[in-house]
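Visitor: Take a look at the letters that make up each chain.
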Amino acid sequence: MDIKSFVEIKTLHLTFVGNFNPAIVQPFWLAQKGLIRESEAQEVKVEVIHNEFTRFSLDWVRIEVRQDRFDVHCSQEPYFDIVRDLCFGIFNYLKETPIKALGINHIWHCDLKTADKYYEFGNSLSPLKNFDFLNDARMILLEIIELKRSDGKPGAYRIRIEPSDKVSSLFGVAINVNDHFGLEPNESGQNGEMLKILKNNFDASGKRVEEVVNLLLANLGI
Amino acid sequence: MTEPTMVTSNSIQNRRITESRKLLDIDKAFAFYIHGLKDQNEDLLKLPKHNQWIEADSKGKIILTEDRLNAINEISLPEHPNYYTLTQRWLGTITEITQDGFNAKLEDLNAGGTNEYAEFFSTEVSKDDKPLVSIGAVFYWSLGYANDKGSVKKESIIRFQRLPQWSSEDIDSAVDKARAQSKALKWL
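Protein sequence lines, in the order shown, are assigned to chains A and P. Counted the way the numbering used here counts, the first sequence spans residues 1 to 222. Counted the way the numbering used here counts, the second sequence spans residues 1001 to 1188.
Bound-form chain P, shown alone (with noise of 0.2 Å):
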């Protein structure tokens, strides 16, 4: 396997990314799917600028402040400490086992289109879900801003689904339900 060629500032490293053969590194990553700045010129990526503080005059910041306070009150929304902002999700399926890790193909959830190819390495993955790396296994893989408790960070996210086994009665069944299917086929 050949060295990585970009190394990102958040620990996210060695992975890479091809689309259309070009290689591109996560904190591109970032730019180039979560801002939508696929059209620009790569000097011009650049990371969002901070919200700005509106000011608002004393006396409507006060009034504004207590409906909401007492709009809450009366309506519970649940507490949100830890969120994502501008997500980039993609679906993955192994396509190859490696020495260090694996290749899989990816499909954008987020805008659909061709599809993807990268290379992650097994430290990325974590333990738990370790068991499931197989060719053909299906993980997420995700790219955002989390929000935690007030912090801000970029984070990179890869989760392998898991989904029921099939059981022996489930694979019965589904024998089943094609030999009648079978038979209810006319042929002309």
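Next comes chain A alone, as it looks inside the complex (with noise of 0.2 Å):
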């Protein structure tokens, strides 16, 4: 089976948990700091700016830093590492920024192709014959977690899967790998420690998804 010919968008979305002052994070900072291109910062689209939120989105990355939670998503696969630079880059000048939590989420959309296809995935993740008390039940949503992660590393890794209308077809499911880092017992989170878990972790954890994607597939007789 080739994964090429069922895979059609994927998406790259980091999560860091910690505390957070959305106010600084702008697109002018970000040029000023020489992480982003100075054409960029004049041509970002802001959508708020607060000191309890903020949103803007450049051609290949949005941003979203709420007090407690900084959002980095990216629809275009070349750009991924940059994203991960960006970040990287962004809690190197706010070193004291205290990161709790890093999720490396990959969304695949998945084009299944035929109505048949479409049907035998969802069925064949819940056997829809034990919902046969329901008129044509269908499966619109599925979480799987690993809680004590196989890699011994503190965090967890969850898989979701739900429709996507993402596709070029009318039968699209979109798989979310969640890729879930927590710190040590000893660790404050003050030290870099996510910024070095991002930069161990974040080929590996692109690697893994298309494992996953495929070992998924394949077991489901896609």
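Watch out, some of these pointers could steer you wrong.
To be verified - BS3-like cross-link-like pairs, simulated, lysine-lysine; straight-line CA separation at most 25 Å: (1) Lys45/A - Lys1149/P; (2) Lys129/A - Lys117/A; (3) Lys45/A - Lys1105/P; (4) Lys199/A - Lys1177/P; (5) Lys1105/P - Lys207/A; (6) Lys1127/P - Lys1153/P.
Quick caveat, the hints were computed from the structure, so don't treat them as lab data.
Please assemble the complex out of the two chains, which come individually in their own frames, going by the hints.
Guide: Take a look at the structure:
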């Protein structure tokens, strides 16, 4: 099976949990620090910049900062490494920022191409005969968690599957693989722990999502 | 510098990729790297078939559409008006500055393997990235199909790495750590 024929859109969503100052992270601050291009700061689409909430988008990334959460979203695969570098750069300049958790989320939108495969995908994940008391039951959301990570790191590994209307045909599913990292009991989050985790696990996380999607589609006979 | 031997159809011109001393142009690179046709004869290189539109019977089609809308309304996924498919990515390191551009060593970020070498013209580097061009500078180069609000086009993106500059405090701190580690070493 060639996974390339199923996966149509790959997106990356990095989530940092901690204590942030939304008013600091602004396009011109990023440009002044050399983390984005000057021209990008001028063409940015700013939605909100406020003490409690900031949200703006460049052509290749959307940044959203709350006081307890920092989210970066990118749907352009060529920029995934650049998004990682951007986060690395931001928190290198904001060294004192305590970060308690990190989620590396890869969301792959797959086009199953036929109605039969689309139905069988849901039916295999959750046999619909168990819901025969419903009229024409369909599976629309499934979340599976590996509570104790097999690599021994603090955190969890979560897979979420839901329909997607982002692909070319009517038969799309989104497979969201959440690679979640926490702190060790003796860590404060103020010594760059999460940046080290991001640096050391970003590539592996990307490779693992490919393995997961491959194995899942193979197990389901897709 | 010798004249480029091949010109592409997508204004991504004057680029030469060398792998095993063999020249490829960008169109062939698309087939070669992105469509995984590395093992096939060049004559067989071709663009992928368009997605086939699968016909469903009218009843099934209506039901599926309704299901999807109900699900999506409840589960908000971000919009993706622009996205890329079948991307081939390299990490480049500049090895030589030339009169018209630079030469670089490329690491294949998709498949790994041996390093490749390519020649880039400065006209391909964005104005804001030009100050970053120097020997040892790192950049990302990607080829892929860009979907821009429904239009599909081949794209080549060069983007230089932007990481924080080392401050004098960072350097002092690194020196202190190195000294401490050096003192901690016990020679046998």
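Visitor: Does Lys1177/P lie within 25 Å of Lys199/A when you go C-alpha to C-alpha?
Guide: Between Lys199/A and Lys1177/P the Cα gap is close to 20 Å, so the pair holds against 25 Å.
Visitor: For Lys1127/P and Lys1153/P, compute the direct alpha-carbon distance and say whether it is at most 25 Å.
Guide: It holds: about 23 Å lies between the C-alpha atoms, which stays within 25 Å.
Visitor: What's the verdict on Lys45/A and Lys1149/P, does the C-alpha distance respect the 25 Å limit or exceed it?
Guide: holds, 17 Å
Visitor: Quick one, are Lys45/A and Lys1105/P close enough, alpha carbons at most 25 Å?
Guide: violated, 35 Å
Visitor: For the pair supplied as a hint, Lys129/A and Lys117/A, confirm whether the alpha-carbon distance does not exceed 25 Å.
Guide: holds, 17 Å
Visitor: Would you check the hint for Lys1105/P and Lys207/A, treating anything up to 25 Å between C-alpha atoms as holding?
Guide: At roughly 23 Å apart (the allowed maximum being 25 Å), Lys207/A and Lys1105/P satisfy the hint.
Checked against the numbered hints above, the structure violates only hint 3.
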